[in-house]
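Novice: Chain residues, written in single-letter form:
There are 2 protein chains.
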Amino acid sequence: MSIKIGIFGYGNLGRGVEQAVRKNKDTELVAVFSRRDPSTVKIATPDVEVVSADKVTDYKDKIDVLVICGGSATDLPEMTPALVKDFNVIDSFDTHANIPTHFSNVDKAAKESGKIGVISVGWDPGMFSLARLYSNCILTEGSDYTFWGKGVSQGHSDAVRRIEGVVDARQYTVPVPEALEAVRSGKNPELTTRQKHTRVCYVVAAEGADKAKIENEIKTMPNYFADYDTTVNFITAEEMKRDHSGLPHGGVVIRSGKTGADNEHNHVIEYSLKLDSNPEFTASVLIAFARAAYRLNNEGQSGCKTVFDIAPAYLCAQSHDEIIAHML
Amino acid sequence: MSIKIGIFGYGNLGRGVEQAVRKNKDTELVAVFSRRDPSTVKIATPDVEVVSADKVTDYKDKIDVLVICGGSATDLPEMTPALVKDFNVIDSFDTHANIPTHFSNVDKAAKESGKIGVISVGWDPGMFSLARLYSNCILTEGSDYTFWGKGVSQGHSDAVRRIEGVVDARQYTVPVPEALEAVRSGKNPELTTRQKHTRVCYVVAAEGADKAKIENEIKTMPNYFADYDTTVNFITAEEMKRDHSGLPHGGVVIRSGKTGADNEHNHVIEYSLKLDSNPEFTASVLIAFARAAYRLNNEGQSGCKTVFDIAPAYLCAQSHDEIIAHML
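Here the protein sequences come in this chain order: A and B.
Under my numbering, the first residue of the first sequence carries the number 1, and numbering increases by one thereafter.
Under my numbering, the first residue of the second sequence carries the number 1001, and numbering increases by one thereafter.
Please note: incorrect hints may appear among the correct ones.
[Said to hold, decoys possible] Pairs of lysine-lysine residues, derived as PhoX-like cross-links and limited to a Cα-Cα distance of at most 25 Å, are as follows: (1) K1150(B) / K258(A); (2) K1187(B) / K150(A); (3) K258(A) / K196(A); (4) K1150(B) / K187(A); (5) K1150(B) / K1219(B); (6) K1055(B) / K1085(B); (7) K42(A) / K1258(B); (8) K55(A) / K4(A).
The set of hints was computed from the structure by calculation and includes no laboratory data.
Predicted model, so just to flag it, every value in this text is computed and none were measured.
Just chain A, with the same shape it has in the complex:
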């Protein structure tokens, strides 16, 4: 019997989850829920219903795990605690500073309903968090480094698009190779924001727009660009479509630490990702943890869980005997 999956929200991430279900033979897509008019939403899987989001509770006995594909700013803080009243749920909430509050809201609702709510699953937070946690537990004295990219930051791209005279924009976050090399070599450098990453923007400007003004507005934008060395390239709409329509991303988590009586030995633990599609990879992580949510709830567990709270074996379609024999 397969695990019945519902997708709540059908943007880039929801489409990625739909593909991930197809790659996991023990899961099956039951329905896609959208806030748009369902008749206007075309999905990739034949014979699966698209349902209006406000009808989701009608499906409470038909779905084992609901994968919530909403935004972290306003959607998930409302949706996840609300939907965990009727479903095992999983989300990719990624506003790091607000995770404790989100955890506590979801935990309360999930314990009341007897369901499991897994939050903040993806690659950061998610796999990068696991890399940080395992390596900190092993090397208790050391330094942590996270580099992002090369990849498209959707938040920064959106910020550039809001500037007057900008028709379209894509922002790449790029790690500084020399900084990465210094960390990998075990030198444990202290690095400023500017020393770790550069930002590269590709911008389609409106006809007659003041490009110098746009470039200056980007480079001086507080929080987003002011603390970085930023390069701005103006391109045509055709070039944007041809060269920048993908959503690649990735990054590196490194911990460098010491052992030995006189701290004479250095060790470097590195976890790195090179992703052609950020949403499809995130979706693949979500489906593995959706399997865990289903199993944990079947065992009678409830409440909020994170990637830290789930034994890795729960993520695997294979049996315990198989993973002990072939992966350990």
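Using the hints provided, position chain B relative to the given structure of chain A.
Specialist: Just chain B, lined up with the frame of chain A:
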């Protein structure tokens, strides 16, 4: 109250565990057990007893977790099931093919005694196993690659030392850079044993020994060297001591896999280790999982566990609130 640790076996790994206890403020070393005459064993921690191994059961109420630092060939298959009758234990059993049998022996004894036995902890098996498992659960279609080195292989060094005319030897396993690059780029190559690693030996020969014969015996040794390109360097005993007295190691686990409707997106997940001291790093992993063994047993759990069966939060000295706030 700190977690009371015993070390059973005081070789390179046992000395590493002793150092790791000093780096983990919530743990405390209670006793070192040795099969040698205790009066001949000098340890690095003042005021800690060295006790004869056959007296270990006298300490059953004084130790929370016993870290068994024996060899996988003959020690651990006997020691771990025997010692788990009286102690929560942890070992670094690394004969991959025999893990299912070892698991089942330890599980039976541990369930009878109500203790926890964590087996096969270290970096391979251990952290590399976790890297393989997580990445296989995420990228269900793909290829796995493990490269070891550059580092000292003690088994291969011992094999060279057994050759007539060899006084001392050190063998380094070295990944082939071109193979590593092809895998990292997402090309998913099929690689033979010879294409993945080379072996480099440093040998101190006895005076008057036939070096050509030694070199030929090394290069043609079945299982150990015959399937590899091997380089043999003859050096003096002084050079051996000066340049090759460390035990560095490391390696890389990579999974490269596809997502998307037409498998149009490739993703590369890489976990890599660069270790100045193989035994001290392994010991640091052991202590983190010893903490987990203690906590699991305090919750009333018993039986055999592997790195796959333990939620990551159990490894951390910090509270759940702290790790949610700072590491997720």
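Novice: Need the status of pair K258(A), K196(A): alpha-carbon distance at most 25 Å?
Specialist: 22 Å, holds
Novice: Hinted pair, alpha-carbon criterion (25 Å max): K55(A), K4(A). Please report holds or violated.
Specialist: 17 Å, holds
Novice: For K1055(B) and K1085(B), compute the direct alpha-carbon distance and say whether it is at most 25 Å.
Specialist: At roughly 14 Å apart (the allowed maximum being 25 Å), K1085(B) and K1055(B) satisfy the hint.
Novice: Between K1150(B) and K187(A), does the CA-CA distance stay at or below 25 Å?
Specialist: 19 Å, holds
Novice: Are K42(A) and K1258(B) close enough, with their CA atoms no more than 25 Å apart?
Specialist: The given pair, whose Cα atoms are some 24 Å apart, holds under the 25 Å limit.
Novice: Given the hint that K1150(B) pairs with K258(A), test it: the Cα-Cα distance must not exceed 25 Å.
Specialist: Holds. K1150(B) to K258(A) sits at ~19 Å (cutoff 25 Å).
Novice: Given the hint that K1150(B) pairs with K1219(B), test it: the Cα-Cα distance must not exceed 25 Å.
Specialist: Satisfied, since the Cα-Cα distance of roughly 19 Å is no more than 25 Å.
Novice: Against the 25 Å threshold, does the CA-CA distance of K1187(B) and K150(A) hold or violate the hint?
Specialist: With Cα atoms ~19 Å apart, K1187(B) and K150(A) stay inside 25 Å; holds.
When held up to the earlier numbered hints, the structure conflicts with none and fits them all.
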